[in-house]
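Colleague: Starting from the known structure of chain A, arrange chain B on it as the hints suggest.
Protein chains in written order, with the working numbering: chain A, 207 to 318; chain B, 147 to 259.
By construction, these hints were calculated from the structure, which means they are not laboratory data. Take every hint as true, because none was put in to throw you off.
Facing chain B, a subset of chain A residues (Cβ under 7 Å, in silico): (1) Gly248; (2) Leu249; (3) Gln251.
For each residue, glycine too, the CB sits at the ideal point set by N, CA and C.
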Amino acid sequence: EAQVTQNPRYLITVTGKKLTVTCSQNMNHEYMSWYRQDPGLGLRQIYYSMNVEVTDKGDVPEGYKVSRKEKRNFPLILESPSPNQTSLYFCASSVHWDSPLHFGNGTRLTVT
Amino acid sequence: DAKTTQPPSMDCAEGRAANLPCNHSTISGNEYVYWYRQIHSQGPQYIIHGLKNNETNEMASLIITEDRKSSTLILPHATLRDTAVYYCIVRVRGGTSYGKLTFGQGTILTVHP
Chain A
207 EAQVTQNPRY
217 LITVTGKKLT
227 VTCSQNMNHE
237 YMSWYRQDPG
247 LGLRQIYYSM
257 NVEVTDKGDV
267 PEGYKVSRKE
277 KRNFPLILES
287 PSPNQTSLYF
297 CASSVHWDSP
307 LHFGNGTRLT
317 VT
Chain B
147 DAKTTQPPSM
157 DCAEGRAANL
167 PCNHSTISGN
177 EYVYWYRQIH
187 SQGPQYIIHG
197 LKNNETNEMA
207 SLIITEDRKS
217 STLILPHATL
227 RDTAVYYCIV
237 RVRGGTSYGK
247 LTFGQGTILT
257 VHP
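This is chain A alone, in the form it adopts within the complex (with noise of 0.2 Å):
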């Protein structure tokens, strides 16, 4: 089945302790990107890739980091979780920049 797979759903943790959230498709897709969503504030984009190895910021991309080695996964790494990055996270896919996207179900993620 095609679809885009973020791990894990949940996840609390604490200020300042490293964290990968993974995401990865199995649609052969060009472009990923990353979002949070915000009560108030809708979905915000964090950074997206246009290909392997081609990652570029968004609106939104403090505190965080990106890399795309392969195709199929594009991890968002928090080097230094503050509480102000508590949010619904959302990795999306599609197979060039400009297509539709396919979204993956999300992450909850809670620091304290």
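Modeller: Frame of chain A, contents of chain B only:
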């Protein structure tokens, strides 16, 4: 990408058509209109997109005005499962603009029995 404006909320009776408007008055000639929806806290789901012609698929119809400054997403026979937040986005296709994408606040559509 052009900015979009949508009403914050709308209601619709089950079985009736739901017409969701979107204003994109600054849209340029090579920008497409995309619609997504998000049910509860699930990942957003692609619905439809178009450039200037009206489009229809199994989920919905998209009507774009002749001047392209606004569009309407039509769900012909709304069901309770269509209750969701609907996002209208405009994106450039081609050219030198790349993968940045901005979602607005969307319209909360509530379908009631």
